[in-house]
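Student: Each chain is listed here by its residues.
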Amino acid sequence: MKDEVTREERVDNLKGMGCSRKRVEDARFTQGKGNYVDDVKLDGMLFGDFVRSPYAHARITNIDTAAALEVPGVLAVLTAADLEPLGLHWMPTLAGDKQMVLADGKVLFQGQEVAFVVAEDRYAAADGIEAVVVDYEELPVIVDPFEALKSDVILRPDTVDENGKAVDGAHGPRNHPNHIFTWEAGDKDPTEEVIANADVVAEEEMYYHRTHPCPLETCGCVASMDKVNGKLTLWGTFQAPHAIRTIVSLISGIEEHNIRVISPDIGGGFGNKVGAYPGYVCSVVASIVTGKPVKWIEDRTDNLMTTAFARDYWMKGKISATPEGKITGLHCHVTADHGGFDACADPTKFPAGFMNICTGSYDIPTAYLAVDGVYTNKAPGGVSYRCSFRVTEAVYFIERMIEVLAIKLDMDAAELRRINFIKKEQFPYTAALGWEYDSGDYHTAWDKALKAVDYDGLRAEQVQRVADFKAGKTRKLMGIGLSFFTEIVGAGPVKNCDILGLGMFDSCEIRIHPTGSAIARLGTISQGQGHATTFAQILASEIGLPADSITIEEGDTDTAPYGLGTYGSRSTPVAGAATAMAGRKIRAKAQMIAAYLLEVHDNDVEFDVDRFVVKGAPEKFKTMKEIAFAAYNQAIPGIEPGLEAVSYYDPPNMTYPFGAYICVMDIDVDTGVPDIRRFYALDDCGTRINPMIIEGQVHGGLTEALAVALGQEIAYDDMGNCKTGTLMDFFLPTAWEVPNYETDYTVTPSPHHPIGAKGVGESPHVGGVPCFSNAVQDAFRAFGNTHTNMPHDHWRIWKTANEMGLHD
Amino acid sequence: MSNKMHIKLNVNGKAEEFLAEPRELLIYTLRERLNITGPHIGCETSHCGACTVTIDGKSVKSCTMFAAQADGKEITTIEGIGGPDDLHPLQEAFKEHHGLQCGYCTPGMITRATKLLEENPNPTEEEIRFGMAGNICRCTGYQNIVKSIQAAATEMNAAKEAAE
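Chain order of the listed sequences is B and X.
All residue numbers for the first sequence refer to my numbering, where the first residue is 1 and numbers rise by one.
All residue numbers for the second sequence refer to my numbering, where the first residue is 1001 and numbers rise by one.
Mixed in with the good hints there might be a few duds.
[Unchecked claim] Subject to a maximum C-alpha distance of 25 Å in a straight line, what follows is the list of computed BS3-like cross-link-like pairs (lysine-lysine): (1) X:Lys1014 to B:Lys41; (2) X:Lys1147 to B:Lys22; (3) X:Lys1014 to B:Lys22; (4) X:Lys1115 to X:Lys1008; (5) B:Lys424 to B:Lys470; (6) X:Lys1058 to X:Lys1008; (7) B:Lys448 to B:Lys424; (8) X:Lys1058 to B:Lys33; (9) B:Lys33 to X:Lys1160; (10) B:Lys292 to B:Lys188; (11) X:Lys1147 to B:Lys33; (12) B:Lys33 to X:Lys1115; (13) X:Lys1014 to B:Lys33; (14) B:Lys585 to B:Lys625; (15) X:Lys1095 to X:Lys1160.
Just so you know, the hints here were simulated from the structure itself, not pulled from any lab data.
Using the sequences and the accompanying hints, generate a full structural model.
Tutor: Shown next, in the form of structure tokens:
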């Protein structure tokens, strides 16, 4: 057979790894034909919604549902009393704690779910909610975690024994009834000794404020109990559909094979849709009670006030160094405000997530971290908002401490970073707090970034600007924000990563069809990342069939192999690896088929782009398409018919993407408005699967970073009222506030990942927040600023300028 | 409630007539009553723009307008802008330039952009950013949305020129 197509064209035809393949998802989304959970409609479907607590801390003395049941269209009202006989009035959280599904005698935060009204439509449900009468007796409110640890007010009756003494929690002893856990990493005494004897020590206290992932689509579900067949189908905004199936089975007692969980299209997740929420449980119960499908969809206020806050870390740091700037020790203590229930979405053994990556990108010989989790009268959550578990907090902490140390040393912060980076030859590098960094080349990335922005030129301009400002020639200051981050993603090795006992492996199952196209199913679920596009590219390169001939399916637990879902940038590191490994199984079988067809020994053929060729005789070959057909129509001795494979991948290590970001900002001291003049982002995510999608992820992650650094927060008053329950008060940047970003990259493949990829979706958020914050703080460095807390909204920036006497 | 109102709408070229309570929101009418699920609900306070539709030539957030207020009016949703056989240049451009990720804001975004380009066929980047500021996207950081709209504008202007 004559082959007219060049090898290069054959590679291009596959649209495999490394090309900016256009997204296959976009046809339906651009035509309004996405299928999100609120688009799911079933015959006779009812709508459920919550009566929520107006108080942050109160005893409930009575709930009267009689009037609500009289409202036309209202079918049922569930309270804790109805759920208690089923054992469903409380549910386990991912963090080993338990959470009230419906208020059991008291409420612990404003907006807490008190009763669930089930009605024929949303309007009737709203009418029913108005008619439920709840009698509350207000209790003292604690919104400050430091006060919580001193207070006589016990928030959770289940945290004390009959003598009022704190009982052990899921993560060990508590030292106060409102204390949840202490979690430590590193060496306390040696670290304290190094710091006590150091030449230079910089100290800082910083608050990483509470915020919220706020995807544009809120959380929701549709539960449909088919009483005839005993099957429960649950559609929902689930970032981990398989885990949700297991959790639903464990808490409801319905056998897992009788539960089908479906994550349809998801309108953004960012960590908000990892956990299990009372709405899911109530919808399931309501469907069982009424025998009809029940839909529950949060409104925006419900979303911001109740499901999945992020951050809320009070961090206290000490960093020591030699007079030349070589870092010798790092000490970090965190008081973590978890709200009324510990519902953090972290691997079970890590109650503070991977906060112990807080030594960052630096070779720090001695370090110690302790985190104290605390209950307060705020909403539960503690999710990883566009980051691996608590990594945003860790990177913000170290990137601020570096800046504070640079000020103490009167040194350039870029140079201070450079002399402390882990060197290329030190990888794999075991950090003082335990992690083994798989790979990195920080100096190359940093030098490239500094050169790209003409760093020295920027600093010279900044010096001139300060002089001009002092001379009254300008009212704008210039800030140069630096950030060098190392992420830890791809959770994770089953030996130390599990959620509720479920190992954090992931999976891919491939079926090759006779005509040479394929379907692959994974245990993950896209929320906009473009899995249907990129996973097909991995497979195209691995199995030599065009990406356009490969359908990717996720999110249906009846068809997809078990996996732990999509969050913590784990899809590419874990499911992407499973995809490559399953592809290699296909290829191994294809090799045997090819050898049979070509009448040579298995070892005498080799894979080449889209075919197996006889070694030394490239004109003799069988394409993968031919091999696929042969797998279904030939009786090959010793080989089963068909061409399918499944891989469950347990990663040997996490992956460690890194990057160098630089932001240049002009700040009007009279209005407090920052103008982002330039943002340069260099990312190293290892092997690049689809540059277009990587760039899109970076733009989006940086914009979410901008939001968090410059204004986005979940704030409470002293009464525990949430002050930021709508998009009027909760900052989501528009096109008007967002700059254009310059993206760049280096490639340091992960040595342990089958294709060398590391994950990228969260890097820009992790590295972006300190970069924006450092830019604001750097603008005021010449006037004595060492640290101000985020969010740097216009008012707070103005206040900083005012406190420094810049308005005098 | 029994004080239902008699409402007539024209949605994507199709006449619709029904009885609805005065409090029924237009987004509810579209999504629940008429099964037009392209427009989405993101905030219900007019901030996010996921529910954007065109009413009598103006971009409107259908989550904060009563169906009764739209009585007698012509409404266009994403479904009326282009389908599989007649994609609008904006739909093409959003695909081509990675102007979307999760897709939830996209119908509102494209619907708004059609009006923007009608009002201003040659917008500068600044005018696009200002003109699209009523539509929030949480995924893309807007850079590729701006690029998509610029590309569609170029394409549409070229087509118009060719036709003249």
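Student: Is it true that the CA of B:Lys33 sits at most 25 Å from the CA of X:Lys1115?
Tutor: holds, 21 Å
Student: Check whether the Cα positions of X:Lys1014 and B:Lys22 lie no farther apart than 25 Å.
Tutor: Answer violated: X:Lys1014 to B:Lys22 is near 33 Å, above 25 Å.
Student: X:Lys1014 and B:Lys41 were given as a pair; does the straight-line alpha-carbon distance stay at or below 25 Å?
Tutor: holds, 22 Å
Student: Does the structure keep B:Lys585 and B:Lys625 at a Cα separation of 25 Å or less?
Tutor: Satisfied, since the Cα-Cα distance of roughly 16 Å is no more than 25 Å.
Student: Starting from X:Lys1058, check that the Cα of X:Lys1008 is at most 25 Å away, please.
Tutor: Roughly 18 Å separates the two Cα atoms, so the pair holds.
Student: For X:Lys1095 and X:Lys1160, compute the direct alpha-carbon distance and say whether it is at most 25 Å.
Tutor: Between X:Lys1095 and X:Lys1160 the Cα gap is close to 21 Å, so the pair holds against 25 Å.
Student: Within 25 Å, alpha carbon to alpha carbon, are B:Lys424 and B:Lys470?
Tutor: violated, 43 Å
Student: Under the criterion that the straight-line Cα-Cα distance not exceed 25 Å, is the pair B:Lys448, B:Lys424 satisfied?
Tutor: holds, 15 Å
Student: Would you check the hint for X:Lys1058 and B:Lys33, treating anything up to 25 Å between C-alpha atoms as holding?
Tutor: At roughly 23 Å apart (the allowed maximum being 25 Å), B:Lys33 and X:Lys1058 satisfy the hint.
Student: Assess, step by step, whether the Cα of B:Lys292 is no farther than 25 Å from the Cα of B:Lys188, and give holds or violated.
Tutor: The hint is violated at about 57 Å.
Student: Within a Cα-Cα threshold of 25 Å, do X:Lys1115 and X:Lys1008 meet the stated pairing?
Tutor: OK: X:Lys1115 and X:Lys1008 at ~23 Å, within 25 Å.
Student: Does B:Lys33 pair with X:Lys1160 here, judged by a C-alpha cut-off of 25 Å?
Tutor: violated, 28 Å
Comparing the model with each numbered hint stated earlier shows that hints 3, 5, 9 and 10 do not hold.
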